[in-house]
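J.: Could you slot chain S onto chain Y? The hints should help.
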Amino acid sequence: MARAIRDLSQIKRIVVFNFVSVAIVILAWEILSRLVHSHYFPGPTDVARALVSLSVSGDIEGIKLLDHAATSIFRILTGFGVAALTAVPTGIVMGLRREIYESSKAVLEPLRFVPPIAWIPLAILLLSGYSRYIFLIWLGAFFPILLNTIAGFQRISRVLVDVARVFGGNRRAIIWKIAIPSALPEIMTGFRVGLGVGWMCIVAAEMIGGEVRGLGWLILKNGVLLNVSGMIAGMIAVGVIGLVMNEGLLRAEKSLFKWRVEVRV
Amino acid sequence: MSAEHRRKVKVRLENISKYFGSLQVLDNISFEVAEGEFLSLVGPSGCGKTTLLRIISGLESSSSVLIDDVPVSPMKHNIGFVFQEDSLLPWRNVWGNVAFGLELHNKLDPEIEKAVKNILEVIPGLKGFESYYPHQLSGGMRQRVAIARALAIDPDLLVMDEPFGNVDLQTRSIMQEELVNLHLKVGKTVIFVTHNVEEAVLLSDRIIVLTKRPARIKAEVPVDLLRPRKRFDSSFLKLRENIVNSMMEEV
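Protein chains in written order, with the numbering used here: chain Y, 1 to 265; chain S, 1001 to 1251.
Isolated chain Y, as found in the complex (with noise of 0.2 Å):
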């Protein structure tokens, strides 16, 4: 990472670039469509008035835009504290014990890279409902907070393990108060990721899922509709969404860990 911005006209100037980024990609969309000229290529104006019915009015259905995100948050918040609850113990006992994560590697290796979607098959006809894109979310998520948490262990340095035992600290006492925290900014590091791969796997287990409620149903429903800027204004919000998540945790990373941040240069 490059030096941390401090400049507010800096932060600016950043905002104001990034605006100019989107009006860009805008312009050309809008320039693009009208060369192409087709009713299967919308432009941004045709987008954004299926945007503003999907939120006033709704779909087919009459469910609306906010209630289909609604359902893939919270969806994805439940996978995500169900993954964390379980990868960041796992990763704090392989953490501590590397014989452990070693002799499990292949069973762990394999498994991490079959992807979450190659799945979806094997959810739908052995779990039903909500369990389904729970177990989903679980997967994408799981592997990179457990890998993460185990890394963070690696990185603990001796003197301060040296530190508490001079100290008189016994084994809990470096592991609650010398490991856990030194390796606490890799564990955060491994939800954004975990966060950003079970926010993708949950659009596409919608996709296949059969409930008629979340983004992922809403860009396949509109696809089988032939409704191309419904289908876009879905994938726009699963777009806008995971960047609102991903700065959220960036930004908690940054003020909870300024300690480290600071200093990386």
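Derived by calculation from the structure, the hints in this document are not laboratory data.
Some hints here could point you the wrong way.
As the list claims (entries may be wrong) - Covered stretches of chain Y (in silico footprint by chain S; criterion: 3 or more residues with CB under 8 Å from a CB of chain S, positions within the stretch not fixed):
{"#": "1", "stretch": "156 to 167"}
{"#": "2", "stretch": "172 to 180"}
{"#": "3", "stretch": "247 to 260"}
This structure is a prediction, so every number in the text was calculated from the model and none was measured.
All C-beta atoms in this analysis are idealised placements derived from N, C-alpha and C, irrespective of residue type, glycine included.
T.: Using the frame of chain Y, we list chain S on its own:
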């Protein structure tokens, strides 16, 4: 130092040898440190001074180090250790770092608060910085905090491993003076490692010169100069030269 004979022996090392595999680092080292004495160990780099300190403080196990006639153990003794490297907990502010040793000794909160407050009064320059984090402090300030942390537990023994090694020269000489005053004030038993002879002469009651690896005791030099000592007095310079010469034979 005739008074020294009457002083109680605080730390006793009996025939310490140490091997790392087939590599011998320490060869039969024995000495005693009196209560309240400031002892420096000097020797060429890489001679095993740090290893010796780790043994003395109980970080490496050994039954041949006695503090108050009991084999050293961090669980039984209060040992204040100042490391050469950055050793502050980066996620704790100055106050939290100074309190760290007391917390590990399971002291109660009011007791911790009192001890931290006291020590922040004693160590110069720390008052007003309680809420600063290590990354916001200079190297010299960080070592002051490390010294405060070591002294906060009211240690039986203060062990310092080249504490000013990474500090710039000007700050270093200021901190040396501070340490002289601090020792006069709190009167702790100190074992101090350095390869800077001037520093050793300035601070110590006695200096032990170690040979190159495997380290043996080459010479024991009492420093009978009144404090505060002047670095350019002829007696200071002469003593310093003697020790430097003794060390040069080892390089």
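J.: Does each hint hold? Answer for all of them.
T.: Checked hints:
1. Counting residues of the stretch 156 to 167 of chain Y whose beta carbon lies closer than 8 Å to any beta carbon of chain S gives 8, which reaches the threshold of three, so the coverage claim holds.
2. Residues of the stretch 172 to 180 of chain Y with a Cβ under 8 Å from some Cβ of chain S number 3, which satisfies the need for three, so the listed coverage holds.
3. Note: the stretch 247 to 260 of chain Y has 4 residues with beta-carbon separation from chain S under 8 Å; the three-residue rule is met and the coverage holds.
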